[in-house]
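Protein chains in written order, with our numbering: chain A, 77 to 307; chain B, 77 to 307.
Note that these hints are calculated values from the structure, not bench results.
By construction, the Cβ of each residue, glycine as well, lies at the ideal position given by its N, Cα and C atoms.
Possibly wrong hints are sitting among the right ones.
Claimed, not checked - Think about it this way: if two alpha-carbon atoms lie no more than 25 angstroms apart in a straight line, the pair counts; the simulated SDA-like pairs of lysine to any residue are:
1. B/Lys170 - A/Met136
2. B/Lys170 - B/Gly149
3. A/Lys170 - B/Arg232
4. A/Lys170 - B/Ala158
5. A/Lys259 - B/Arg232
6. B/Lys170 - A/Phe272
7. B/Lys170 - A/Ile161
Stated by the list, open to error - Restraint ranges, calculated between C-beta atoms of paired labels, are given here:
8. B/Arg130 - A/Pro249: 54 to 64 angstroms
9. B/Leu187 - A/Gln97: 50 to 60 angstroms
10. B/Asp189 - A/Gln98: 29 to 39 angstroms
11. B/Asp254 - A/Ala168: 51 to 61 angstroms
12. A/Tyr257 - B/Thr295: 41 to 51 angstroms
13. B/Val283 - A/Asp297: 33 to 43 angstroms
14. B/Thr91 - A/Trp288: 16 to 26 angstroms
15. B/Asp189 - A/Gln97: 34 to 44 angstroms
Protein chains: 2
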Amino acid sequence: MPVKTIQVSENVLRTNRQIAQQNRAGLDAAGIVALNLIALPGAGKTSLIEQTIRSLRNRMRIGVINGDTSAAGMDAERAEKAGAIAVHVNTAGKCHLVAGMVRDAMARLPLQDIDLLLIENVGSMICPSSRQLGSHWNVLIASTPEGHDKPYKFPRMYGGVDAVVINKIDLLPYVSFDLNYFKGGVEALNRGLLTFPLSCFSGLGLVTWFDWVESMVATGDRGFRQRVLAS
Amino acid sequence: MPVKTIQVSENVLRTNRQIAQQNRAGLDAAGIVALNLIALPGAGKTSLIEQTIRSLRNRMRIGVINGDTSAAGMDAERAEKAGAIAVHVNTAGKCHLVAGMVRDAMARLPLQDIDLLLIENVGSMICPSSRQLGSHWNVLIASTPEGHDKPYKFPRMYGGVDAVVINKIDLLPYVSFDLNYFKGGVEALNRGLLTFPLSCFSGLGLVTWFDWVESMVATGDRGFRQRVLAS
């Protein structure tokens, strides 16, 4: 039984990677830079997406694919209100997006009218296929109340992404979170990884994040690591 | 392909439920009350377990099964230091415990010497089998920084547990969390569900939680809902 389960997983992962490669080709052909935002529920994905749209919507056209375990679509509405073209994906209980869901969502977006695509993943820190969607950058959003031990506890996830946002730094005086301990863990797993300490609540650090996203789109930088399809 | 995946999942769930029933019988035979603690990473499972052990260790014998995606075992060490008999379970990347892992861990515990068993699950909010381990009470630990919308976003999880701890209420002045909105969502899904607002950091509300756990063990109350095996 364990052997069978592993085989099924490997087949699913291989198929997923092939679809991710097709997604990547479609994004590249349309001149889109795509960010896959991975985080635990409550880390602030939707808030960061809203803030990013509001800051950049006058300088580029932004699309959002919003993964959700239910049919509610509240987060996609928030992204549309902020000024993006948003598509809601109901994963029907699955804890992460897979490449096929992104492919279907891309088919519902006017790709030629989009410069930046933000993919809001569901909220799993573990499944590797959550990083194989075809996006150019996999960005992990951590938050200070989660605790500074998370890179040590989730080495595969922290070792496999291209950038880390550390949200809710306005709570640093009230939570037990040593930024240097956290960054030390990240650095050990993923040398030179970009980190963006910020607060969507107070606004601190957001400009650095906005500048980075804008420069990725302006220069057409689609990831110097290209981990997504290599891993 | 989707059909095949669903069939595999159903077989796995059925087998899991059978093993959970055997676990339950073993716990009942040994006179143990078992709590399955489910939460997102960073919500405070390990802290709540430590505090609970420290408060109750002189009045009952406590065992801990600690699920972790890696072999590190840091949390089991914390539980042992606090005064419990702890077993570490490496889920090898799986995002939740399954009944078979609990069965193997139970075999390594001196069941006759234990009154209260605390099962620390890994950190998935979605997979239903995380609630089918054989434990008597499934307790969800939420935390205020996660946001007050989580019952609305994870209705299956909030609708399927027997109690909810709301941790980190010391952060209420600094986060956007409306306790009544959160409780309203919980009540709509799970009428009359017990909620324990508390702070492992400041200690506020902990005594009510300790009293409840102690009374469950003292009266041998193994859950008035018995959802675990019924769902």
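Hint-by-hint comparison with the structure:
Simply put, B/Lys170 and A/Met136 have alpha-carbon atoms about 39 angstroms apart, too far for the 25 angstroms limit, and the pair is violated. Between B/Lys170 and B/Gly149, the direct Cα distance comes to roughly 15 angstroms. Compliance with the 25 angstroms bound is thereby established for this hinted pair. Taken as a hint, the A/Lys170 and B/Arg232 pair is honoured in the structure, with Cα atoms around 12 angstroms apart against an allowance of 25 angstroms. For the hint linking A/Lys170 to B/Ala158, the alpha-carbon distance of about 36 angstroms lies beyond 25 angstroms, and the restraint is violated.
Simply put, A/Lys259 and B/Arg232 have alpha-carbon atoms about 35 angstroms apart, too far for the 25 angstroms limit, and the pair is violated. Annotation: proposed proximity of B/Lys170 to A/Phe272 is violated, straight-line Cα distance about 28 angstroms (limit 25 angstroms). Restraint check for B/Lys170 and A/Ile161: not satisfied, since their Cα atoms lie roughly 35 angstroms apart, outside the 25 angstroms limit. A hinted range of 54 to 64 angstroms is violated for the C-beta pair B/Arg130 and A/Pro249, which are about 26 angstroms apart.
For the hinted restraint 50 to 60 angstroms between B/Leu187 and A/Gln97, the CB-CB distance of approximately 51 angstroms keeps it satisfied. Between B/Asp189 and A/Gln98 the beta carbon distance is about 58 angstroms. The supplied range of 29 to 39 angstroms is therefore violated. Range check, B/Asp254 to A/Ala168: Cβ separation about 29 angstroms, and the 51 to 61 angstroms hint is violated. Between A/Tyr257 and B/Thr295, the C-beta spacing of about 43 angstroms keeps the proposed range 41 to 51 angstroms intact.
Range check, B/Val283 to A/Asp297: about 55 angstroms between beta-carbon atoms, so the 33 to 43 angstroms window is missed. For B/Thr91 and A/Trp288, the hinted distance range of 16 to 26 angstroms is not satisfied, since their beta carbons lie about 47 angstroms from each other. The hinted range of 34 to 44 angstroms is not satisfied by B/Asp189 and A/Gln97, whose Cβ atoms lie roughly 55 angstroms apart.
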